[in-house]
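Trainee: The opening residue of the sequence shown carries number 617 in the working numbering; numbering runs sequentially from there.
These are computed hints drawn from the structure, not numbers from a lab.
Accuracy of the hints is not assured; some may be wrong.
Stated by the list, open to error - With beta-carbon atoms standing in for the labels, derived distance ranges:
(1) I697 / G660: 20 to 26 Å
(2) L696 / C663: 31 to 37 Å
(3) I686 / C663: 29 to 35 Å
(4) M662 / L694: 34 to 40 Å
(5) V680 / M706: 20 to 26 Å
(6) P720 / T659: 19 to 25 Å
(7) A666 / Q693: 48 to 54 Å
(8) C663 / L688: 26 to 32 Å
(9) L730 / V674: 53 to 59 Å
(10) L696 / H726: 46 to 52 Å
(11) M662 / L696: 19 to 25 Å
Backbone N, C-alpha and C fix where the C-beta goes; we use that ideal spot for every residue, glycine too.
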Amino acid sequence: FRSSSSSFTAPRHAAPPILLPRSIPHAPARMTCMGFFAPGLVTGSMCWLALACVATFVQNMLFVKETPKITLAESRQLGLIVVWMSMTCMWLFWAFVYMHQLVPLIYPVHTPVLE
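Input sequences plus hints: build the corresponding full structure.
Mentor: So this is what it looks like as structure tokens:
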């Protein structure tokens, strides 16, 4: 908001210099892409599978109950669907984030330390 009686002007500051890289670093030619069989991705997937098996065991032992509206078999089936669908969604989210970090789209620009 600017009134006619005020002669306020914003101070002008110098913009910080923009440092652009001279060249974008590329991966060496002999480096190969492991794709879906990257060691970290395989190890993490096995951990998610183990966690899903533990969650299935816990669900079967603690959460299967018979009520007037649902039988024991239906309760077990519903629990299995919930456990495995949720584990699949969480594993996919983890895998997408992990794979995105394997191939960065933006490389860091290092500036020299001023002494």
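Trainee: Take the hints in turn and mark each one as holding or not.
Mentor: These are the hints, each one checked on the structure:
1. Evaluation of the 20 to 26 Å hint for I697 and G660 yields a pass: the beta carbon distance comes to about 24 Å.
2. Take L696 and C663: their Cβ atoms lie about 20 Å apart, and the range 31 to 37 Å is violated.
3. For the hinted restraint 29 to 35 Å between I686 and C663, the CB-CB distance of approximately 32 Å keeps it satisfied.
4. The beta-carbon spacing between M662 and L694, approximately 27 Å, falls outside the hinted interval of 34 to 40 Å.
5. At about 22 Å, the CB distance of V680 to M706 agrees with the hint of 20 to 26 Å.
6. For the pair P720 and T659, the beta carbons lie near 21 Å from each other, so the given range of 19 to 25 Å is met.
7. Between A666 and Q693 the beta carbons are some 22 Å apart, a value that contradicts the proposed interval 48 to 54 Å.
8. Judged by the Cβ atoms, the range 26 to 32 Å given for C663 and L688 holds: they are separated by roughly 31 Å.
9. Taking 53 to 59 Å as the suggested C-beta distance range, the pair L730 and V674 conforms, at roughly 56 Å.
10. A beta carbon spacing of about 51 Å between L696 and H726 agrees with the range 46 to 52 Å that was offered as a hint.
11. At roughly 20 Å, the beta-carbon separation of M662 and L696 lies within the given 19 to 25 Å, and the hint holds.
Going down the numbered hints, you'll see the structure goes against 2, 4, 7, while the others check out.
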